[in-house]
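Asker: Sequence:
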Amino acid sequence: MNKLQLKLLLLFSFLMHQVYAQVERNPDPYIENPDMIGENKMDPRAAFFPFTTQEDALKNKYEASSNYFSLNGTWKFKLLENGINIPKGFSKSDFSHDKWDTIKVPANWEVEGFDIPIYNNDYYPFADVRERAKGFTEMDKPNPPFVPVQKNPVGLYFRTFDVNDDFLSQNVVLHIGAIKSAAFIYINGQKVGYTQGSKTPSEFDITSYLKKGENTIGFQVYRWSDASYIECQDFWRFSGIERDVFLIAQNPVHLQDFGAITTLKNDYKDGVLDLSIKVENTSNQVEEATISYQLFDNKTVTSNANVILQKSQKIEIPAHGHQEVKYNEFVEDVKSWNAENPQLYTLLITVEKDGKVLQTTAERIGFRSAEVKNGQFLINGQAIIVKGVNLHEHNAYTGHVVDEDIMRTDLELMKKLNINAIRTSHYPQPRRFYELCAEYGMYVVDEANVESHGMGYSLEKGKSISNNPSFEKSIVDRTRRMYERDKNYPCIVTWSLGNESGNGYNFYQSYLYLKSVTDIPVQYERAGLEWNTDIYCPMYGDHKFIEDYAKKYTDRPLIQCEYEHYMGNSGGGLKEYMDLYEKYDNLQGGFIWDWVDQGLYTKDADGNAFFAYGADFGPENVPSDGAFLANGIVDSDRKLKPSSFEVKKNYQNIKFKALDVAKGEFEIKNWFDFTDLSGYSIYPFIKADGKYLKRLPTIKLKTAPHQVEKILLNYGTLPQNKECFIHFEVRNDNGSHFVPSNYTIALDQFEIPNDIQLQNVNIEKLASISLDEGDNKIQIKNKNFSFVFDKNERTFTSYSFKGTEFIQDKSGLTPSFYRGLTCNDMGAYAFQKAKDWNVATHEFSIENITTEKIKDNVVQMNITYHLPNVETKFVMEYTVFGDGSLKVKSTLKGMEEKEKLPELIRVGLRMNLKKEFDNMSFFGRGPEDNYADRNSANNVDLFTKKVSDQEIPYIRPQEFGNHTDVRWIALQNNKGVGLLAYSSDQYQLSTSAINYTDESLDAGDASYNYPKNLRHDQRHPYQIEKLDGVQWHIDHLQEGVGGVNSWWSRAMDQYMLDPTQDYSYEFMLVPFKKLKSNQLFEKSKMRYSNNIN
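Mind the numbering: the sequence shown is residues -21 to -1, 1 to 1072 in mature numbering (1 follows the signal peptide of the UniProt record, and there is no 0), read in order.
All the given hints hold, so there is nothing to weed out.
No farther apart than 30 angstroms at their CA atoms in a straight line, the calculated lysine-lysine pairs in the DSSO-like style are these:
(1) K83 to K582
(2) K925 to K781
(3) K634 to K618
(4) K1053 to K744
(5) K257 to K305
Treat the hints as calculated values from the structure; they're not laboratory data.
Let the hints inform the model, and build the full structure from the sequences given.
Answerer: If you want it as structure tokens, here you go:
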């Protein structure tokens, strides 16, 4: 090399050094190295605990064992802005922690008041590229594997603990159930290791680090690391220690791992147990031991009399080595496990030496098969419909820390709602969850903790992590750790490679790994129809999309990994989805998104409690996707919503079909997969005008799964002039610890044709009325009522009966074409698409008004309104009768056809009544609020409620309280004075009565995921101003709430309104005093003739 070349080389080296020196990097390279997924971590293993007695093992209570030492509780805690200046020796006993805070373990430090809770859907909070996050993030775009240097909080944890001599004489393992996102582990000031992978356990052998007496433990936890790039899930981006931390003591000769893999054979009647047992010896010498197993039957484990399989053998384990034994066992006529009848056996494994138990453990296992065969997904040879839900790990009070009580609450509610499957979106759940799913009977799709949504799906270099070779090791390791821990749980019937990360080489390898170790089907949504998914599992396919698939493809079943986005007032179209699942063999259900609203219990400065969502914490520019985390079938504190019952109804396993209602001919189909109907009683009964008429004989059937049986009912004599319905209630005869006996698992209702004789009011006998028409006001009255129409107010401003005023704030009936936008409305930009109809709702004007006294006791008013922006007419006809009744007919003239038509949300009328009219009764669909596309769970019946009890506190306020198919509705005060509204033509009403206005429930022009644009007083229920009265909607139609998704889809076409169509309807308003429900029924059958001579 000559001098010139040397100089150039040195100059180049210097310049490159200068370039890289200017790029600030994290002081610890581990957190930006995808290959460094752990240091000194033990190999993954099945979830089990080493007990010292078989009695303790069979109880399987970890905390009761002398080999268990909990490190949960109060720790010292220090949150740093970043990892640049980590205090040296912070984990040592001589370091002063006096000025440190304290924190609970397990806990998310953001929930405990340290740092900002951030909610993002598909962006990286540390590199959010959206304009509204500018200034918050250090990085201007994602750049894997790099993470912020200055804005990367680090949580330091410290505590002391004492272990007894028995512990110190054994091998000691530190078990960390979950820690996020990356952590260094220290014992007595010495670095033990490093871990990533925040939703599976990390275990470290700390035997050599412990000392007699007091010991110290410290964690150095980073909020962001390269692992964050594949943990971009749609939930709160929390940090810290999320699951239990404890020590395990075990003999040097101990059970290292076991696999109890079960399946079925011989026409799925007999069981096969593939049992592998691995024993480890950490001592310095060869050891001999006896390994044995016993399999107890599915009854109670009391004695050897219950043992159906057992074997033992002596083995020799080399020093610092292991020995594995394998058994392939056959169980004849096995009691198979399924979600309907979760039969479990108990497997007891024991390691002994010289007759002394060194270690023993027990696991409840089930015999079942899961496979894709002939284009269908089969459980135990039976094609099933997955009636599933997605489940995030969430507690409104503790964040991602979920205890067993919450798990049991969830599973019990799910069983009661007829849910049979859970997808662990988007990461493995805690160990106890799977044990409970096996016990309760719940199919599980176990999903690897892999999502890189924020990087997109492009296969171009530097884009999707699915094709980034740097992350192959990490992705496959996460899949492996999920499988190894959960392999023995019978509830797992499908493995999932992850979520929304694109498809590519890394997921091909992950798929191949799973297929090498398990016969259970493997799925991955982003694989589409590629080879590395056994099930086609799209998300949010609409009804046409999945039906097209059913007709075109037969090689793989379609099971939607996500569908029916349950955000806010949603759940529309679920019935139509189930109709398709039941129609086509290769459409086998899906998982509703999702189970629980992810609100966080919070109080504002004034002590007002509410459930917070994205951007409720931190500065204005905190990265956030607002309320997009509130998509639950249940709300944040596990209370049922009105839409919850739609799930129960459409997921029910016993369904009724009317063959000929008039003759009492019905068909009952058993949609259970493994259960006949012998354990259920069907109770038919008839109601007439909302009151019990008679109970018919109880029906007992033995209908086999998926079979149909016809029944014939004898109604007997039905009363004349009453609307009659036959109801079916199905109850279980024998309860379980999660569903009590006599619990109603299915409902249905059919109207029985019956002659209804309508009565004409004798107009001649009505009292005369006076008409006084001035320039601005028109008054129609007699001694019993008064009706005043004000042209300036564009409606009637007073309506009184026997001295009682109905109208609040001069707000009589006015046209209404809008609503307080739902989350689905906002996601589809209805605030833009329907804006013109919102303007028309508020800025309509009187174009023409005529008044005519056509009889001494009848006045006719015709009003034509001009609707601005939509440039059409709304015509109202009032006929005022001498008894104070109003006949109201309204007609919306259709718009002219044009290229872009505004969305019409409702066709109706509203008015405000005084607050005293709080007593509501109606004959229509209830008791829960319901909408055109979400009303199958609500029967037509008579309901009595308080208006003030109608409120549904959605986490983000929006439209609520509607009832469909309403024949009549009455609002009255405590003195019995009220108004009755009923349809006077062939149409039924859509109606609501609430203590809020549509305007108070509307978020203006804020899209669903831009919460900072919401009106400041409209983010949470407690902020909404209540109306000092009752807003009463008496509508013709309201479009459905939708449910396919919450970002562009609307309700199904049949539940949408056509703005070019004429819509006309008619109803009566009848004032009354002290009428009982039967009298209101009779009133609703009275007709005021249109032909008045």
